[in-house]
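There are 4 protein chains.
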Amino acid sequence: MNQVEIGRAKSARAAYSFDDISVVPTRRTRDPEDVSTSWSIDAYKFELPVVAAPMDSAMSPATVIALGKLGGLGVLDLEGLWTRYEDPTAQLELIANAKQEDSTAVLQRAYSAAIKPELITERLAEIRAAGVTVAGALSPQRTAELSAVVLKAGVEMFVIRGNTVSAEHVSKTVEPLNLKEFIYQLDVPVMVGGAVTYTAALHLMRTGAAGVLVGFGGGAASSTRKVLGIHAPMATAVADVAAARRDYMDESGGRYVHVIADGGLGTSGDIAKAIACGADAVMLGTVLARAAEAPGRGWHWGQEAVSKQLPRGARVRVGTHAPLENILLGPADAPDGHANLIGALKRSMATTGYSDVKEFQRVDIILNPHD
Amino acid sequence: MNQVEIGRAKSARAAYSFDDISVVPTRRTRDPEDVSTSWSIDAYKFELPVVAAPMDSAMSPATVIALGKLGGLGVLDLEGLWTRYEDPTAQLELIANAKQEDSTAVLQRAYSAAIKPELITERLAEIRAAGVTVAGALSPQRTAELSAVVLKAGVEMFVIRGNTVSAEHVSKTVEPLNLKEFIYQLDVPVMVGGAVTYTAALHLMRTGAAGVLVGFGGGAASSTRKVLGIHAPMATAVADVAAARRDYMDESGGRYVHVIADGGLGTSGDIAKAIACGADAVMLGTVLARAAEAPGRGWHWGQEAVSKQLPRGARVRVGTHAPLENILLGPADAPDGHANLIGALKRSMATTGYSDVKEFQRVDIILNPHD
Amino acid sequence: MNQVEIGRAKSARAAYSFDDISVVPTRRTRDPEDVSTSWSIDAYKFELPVVAAPMDSAMSPATVIALGKLGGLGVLDLEGLWTRYEDPTAQLELIANAKQEDSTAVLQRAYSAAIKPELITERLAEIRAAGVTVAGALSPQRTAELSAVVLKAGVEMFVIRGNTVSAEHVSKTVEPLNLKEFIYQLDVPVMVGGAVTYTAALHLMRTGAAGVLVGFGGGAASSTRKVLGIHAPMATAVADVAAARRDYMDESGGRYVHVIADGGLGTSGDIAKAIACGADAVMLGTVLARAAEAPGRGWHWGQEAVSKQLPRGARVRVGTHAPLENILLGPADAPDGHANLIGALKRSMATTGYSDVKEFQRVDIILNPHD
Amino acid sequence: MNQVEIGRAKSARAAYSFDDISVVPTRRTRDPEDVSTSWSIDAYKFELPVVAAPMDSAMSPATVIALGKLGGLGVLDLEGLWTRYEDPTAQLELIANAKQEDSTAVLQRAYSAAIKPELITERLAEIRAAGVTVAGALSPQRTAELSAVVLKAGVEMFVIRGNTVSAEHVSKTVEPLNLKEFIYQLDVPVMVGGAVTYTAALHLMRTGAAGVLVGFGGGAASSTRKVLGIHAPMATAVADVAAARRDYMDESGGRYVHVIADGGLGTSGDIAKAIACGADAVMLGTVLARAAEAPGRGWHWGQEAVSKQLPRGARVRVGTHAPLENILLGPADAPDGHANLIGALKRSMATTGYSDVKEFQRVDIILNPHD
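Chains as they are written, first to last, in my numbering: chain A, 3 to 373; chain B, 3 to 373; chain C, 3 to 373; chain D, 3 to 373.
Hints are not guaranteed to be accurate.
Treat identical chains as interchangeable: a pair holds within one or across any two.
[Unchecked claim] Subject to a maximum C-alpha distance of 30 Å in a straight line, what follows is the list of computed DSS-like cross-link-like pairs (lysine-lysine):
hint, residue 1, residue 2
1, Lys360, Lys174
2, Lys101, Lys154
3, Lys71, Lys174
I should point out that these hints are in silico values taken from the structure, not numbers from a laboratory. As the structure is a computational prediction, the values presented were derived from the model and not from experiment.
My request is simple: use the sequences and hints to build the entire structure.
In structure tokens:
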């Protein structure tokens with residue numbers, strides 16, 4: 003378990019991020035044209051192992067649809083601007099145009115409007131009408147309140163996403179969501195997270211979830227470390243949750259819960275590494291917020307930036323790099339890992355001799371030197 | 003013990019700072035509202051596990067009182083400007099306004115005035131009158147000389163703080179303070195340090211101290227490394243002294259000596275990490291010097307900066323961030339870990355499923371990757 | 003095998019680059035004048051253990067000849083500008099003069115001209131006429147198509163070089179080159195690579211190759227890491243392939259396959275380290291592109307920068323430092339490891355007491371501290 | 003032995019520099035006034051464990067005398083400017099005033115003048131007349147040629163110093179110096195080095211040397227790494243040679259050979275660390291070149307910068323910080339470890355409870371975290 007003695011009364015486990023590892027070639031190579039990146043969860047099959055993070059800077063109903071048509075799975079944040087405003091364009095522009103020092107306040111104002119259940123219905127209908135898989139996300143805090151509306155609106159993939167979601171939330175004041183009961187009663191598959199440890203993920207798997215999101219659920223890693231002292235490096239988290247998937251498959255007599263890496267994925271190389279650590283698919287925020295069509299207009303933010311007492315993130319500039327199609331399928335115009343994500347993944351798999359995502363989870367990796 | 007061979011004739015122990023570790027979530031989460039951060043030492047109970055470092059840049063009688071009213075423990079440096087000057091305002095302004103190249107000389111002049119025992123009495127009386135716990139600090143060098151005045155002035159918590167305080171100081175020229183006898187004769191609880199090793203701390207615990215300060219006692223870490231070659235990374239030091247607390251509790255038949263981390267605490271995340279390593283409370287300097295009320299006016303310095311032969315620190319700019327209340331209890335206006343320290347600590351504890359400080363000492367930690 | 007647990011379901015091997023290691027002196031020293039750097043492969047003997055990377059920025063027919071006369075082995079890229087244009091001067095100037103933002107497009111245009119087999123014949127004839135060893139390189143993709151021309155043109159050393167070349171390439175659409183058959187039928191020795199693992203290299207050795215190129219075959223390391231997530235630190239790769247050389251020598255009853263380090267060689271110190279890890283010779287690109295005679299005019303690029311879908315490199319500025327002779331044989335005018343490569347190698351060998359390249363493979367090395 | 007597998011065919015030993023380690027306090031503290039830093043070698047006793055590096059930028063006859071009067075041992079480079087020029091002032095000014103790009107050429111010209119034996123005699127006479135210990139240094143290459151003059155001139159401590167000096171130098175063209183015979187015939191004690199390994203140092207000890215210089219003998223570490231690929235981190239080197247001292251004392255029946263750390267000593271903290279690793283004394287170059295009296299006028303260089311074929315160093319700016327006395331004995335005016343070196347060493351020893359240099363070799367050290 004890689005335990006290191008920090009001092010006589012405390013040990014720590016060595017943990018690793020994607021930056022610490024690399025994929026290595028083996029004795030075989032393969033044609034990139036022969037590689038498949040397709041991925042299935044429940045009854046749904048996707049050509050790309052890409053799920054969008056439900057964040058207003060990346061996903062509007064339009065980009066949810068566009069991503070679906072390109073072969074991925076778009077997910078709309080059902081507590082975001084699109085369910086608070088009939089037309090959030092003005093808010094998105096205010097956010098994009100705010101000076102950096104005003105940005106937290108502008109975000110707080112924009113998100114202080116109430117969520118309108120009828121807008122949830124309307125947005126999901128728009129997505130279904132386009133013929134792509136209908137997926138929407140709620141936070142665990144509001145799932146009980148809003149899930150009925152969401153289900154009635156015909157969601158096909160239900161995402162419950164928070165910084166840390168546990169199957170065992172304790173509260174003296176609020177009756178917490180009983181995930182197991184909730185998921186049992188649902189007819190649609192659920193993806194739930196973030197979870198970063200073997201045990202937390204195993205418990206989530208036992209709730210009946212179809213997929214577990216691995217990561218600190220949209221939390222900006224550097225802020226979380228400074229503010230909370232919490233850090234869960236992604237390579238270790240994904241490899242731990244992949245072990246939970248294997249052990250849960252054994253204990254459940256064969257139920258395969260999908261592992262979706264959610265965080266620390268800034269380049270196409272990171273996507274390859276996430277799969278190498280055991281992920282079935284990746285949830286992307288920043289890299290999709292760089293698309294020309296992204297509603298964030300070159301800015302990216304998460305809901306934790308809106309907190310009035312303890313903001314743990316901020317609006318950050320990511321720029322506008324290329325149309326969504328180029329970001330996913332190329333061509334890329336620079337060797338920076340920001341575009342043609344899937345082409346790069348295919349080449350990474352081909353160079354190391356693998357032909358599908360599940361097999362590629364077995365590729366050899368190295369611990370990088372410290373240069 | 004993590005021994006590493008440096009060369010054939012010398013081994014070293016691997017040591018770690020707070021920056022090297024992080025707290026990790028577990029399978030349970032909790033409501034931040036259900037979390038308690040209260041802390042008791044001797045007969046005194048505090049809502050916040052926060053002790054102020056006795057430094058003139060952070061603590062005046064007024065900020066000692068303000069901190070006490072917010073739930074922490076303020077400590078006045080009884081060898082500082084407040085016991086050398088009837089009104090130190092002019093000196094504080096000279097220090098704040100000095101050019102950087104003159105600052106050491108200005109500090110040396112300010113601290114060359116004699117300590118007036120009657121000012122010790124007056125300052126402590128002012129604090130007691132405000133109804134908060136009365137705590138004052140002396141260096142080990144002057145404890146014998148000034149302690150009678152301090153006790154007579156009605157101190158309730160006696161702090162003896164130096165760079166390194168041992169229970170076994172050897173001198174050919176001066177009769178050293180016999181800590182054990184001194185503490186035995188006192189009626190008030192004593193916090194003493196800095197100590198950074200298991201053995202040094204165990205010996206201090208055996209003197210009868212109520213609390214041990216873990217750290218290089220106010221020494222600026224980077225200067226100490228360059229000038230003296232000495233460094234005691236805090237995560238290791240706290241975890242070692244926590245082991246001494248446990249072993250001393252066993253040997254003493256149940257006396258619990260409090261471990262107070264004193265150094266390396268620049269953000270709210272560091273406070274969570276210090277407790278995770280075994281601290282019962284933290285002694286804060288820099289982060290309190292950033293308060294609007296801080297007498298340092300945005301500057302911070304320690305007494306080791308005043309040394310005429312061998313300055314081991316300097317006046318440093320920390321800026322003025324927010325009122326003391328916001329720094330401790332929020333709201334924070336930026337995700338930098340400099341404000342709402344207690345709100346952040348509560349969220350860190352809640353996210354990892356803990357509800358009080360003593361329990362939180364058991365939280366799992368990781369060794370961070372080197373990115 | 004230096005395995006590190008990344009997470010419960012994945013382990014990684016710790017790998018090292020040349021920057022991570024250093025050569026150390028032993029108890030003996032030697033005169034630099036007594037040191038030999040000569041190297042033989044097949045029937046060819048070279049005073050310098052230096053092979054040029056077949057890249058247009060470094061090697062023209064003229065620099066191939068110049069390098070050969072100085073004692074090394076020049077290699078012409080037979081799919082480069084010299085076999086696409088009767089006179090590539092205009093193209094080289096366009097590339098050198100392009101603005102950085104246009105450089106990828108300019109490279110793509112320059113390399114879109116067809117390869118003319120008669121130019122292969124002409125260029126190799128020019129090299130043979132100068133009396134130096136005739137060496138040319140093809141990619142594995144075009145070896146089948148162009149090798150007949152190359153052989154007929156009288157090549158004496160055949161180089162097959164790609165990012166990753168395996169003895170076992172799998173393709174559903176194209177009949178891959180059967181390296182073993184191909185090499186068996188040839189009368190001339192073959193150097194083939196890149197290979198970065200023990201197994202991949204062992205398989206290449208079994209094809210009958212005279213030398214294996216160790217490295218990611220001209221891929222720009224930083225881009226490859228970002229775009230593909232692939233990284234093969236060179237010190238580990240060379241030491242692994244050296245073990246394959248030893249084991250293959252045993253299994254083959256004594257056939258010695260030469261190990262040529264190809265990548266990560268930015269300074270003369272890196273050349274010493276490559277040999278210390280087990281290399282017989284080094285393939286140099288960047289350091290030769292800095293020569294005054296280099297066709298790149300101070301710029302350096304690889305063919306992977308030309309890719310239209312997924313560029314994994316770019317034109318980079320390396321500057322023009324000194325004439326080729328000074329770069330190899332000195333004098334150097336600065337202590338930066340960019341010139342007098344062979345003089346530095348000799349001094350490194352002499353200082354540590356070794357007198358020839360094969361012996362120097364046994365020199366002690368250290369893992370550098372992280373400062 | 004801390005072996006790390008770099009690849010299947012090569013292992014490396016982990017090595018450490020002074021920056022990687024720190025001294026740690028123990029359970030005892032002591033008065034700095036009670037600490038002695040005195041050091042004896044052969045019949046000579048010095049109050050300070052400080053030997054000057056024989057480099058023209060730091061040592062003139064005048065600074066040799068000044069250092070001796072302050073309690074250290076000054077050493078004149080007998081192949082430097084002071085034995086090439088009746089009055090080297092003009093040369094020193096040319097060097098100090100040269101533009102950086104011309105500095106190597108200016109150095110080469112200055113050192114191209116011939117060494118005049120009569121100046122060796124004159125310089126050493128001047129030092130003896132001042133009543134301090136007379137020490138001079140030659141390179142191993144010229145020891146045979148010039149030693150008779152040096153001895154006749156009345157040297158009391160003979161220093162033989164090169165990048166790497168071995169007891170077993172091999173040359174086909176020049177009869178190498180037989181160190182053992184040479185030292186046996188001498189009446190004066192010899193310090194010899196650099197040596198960086200246990201075995202090399204043990205062999206030097208067996209030649210009869212009174213002291214071994216540990217380090218790469220004046221080589222600029224960063225250039226040596228880039229140019230030669232050689233690096234010998236000082237903490238490991240000193241601790242290895244200290245083991246050789248212990249083992250040689252056993253094998254010789256009690257002869258104590260002094261270990262003098264020579265390199266990597268930029269601050270007072272580094273001096274404490276060198277002793278903690280086992281050094282009896284330190285040889286200082288850079289820190290003495292910062293003295294107001296230093297002949298380098300704020301510049302520092304070594305003879306390896308003069309090499310015409312392969313310069314492995316350069317003239318570097320070190321600035322002029324304080325008079326020599328302040329640098330050694332204080333007061334310091336900044337907390338940077340550049341002044342009051344001995345006061346800092348005494349405080350470091352006192353804080354950790356030690357009272358003399360030999361005892362302080364046993365102080366505990368830690369491996370620093372990577373922050």
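query: Looking back at the numbered hints, which does the structure fail to meet, lowest number first?
result: 2
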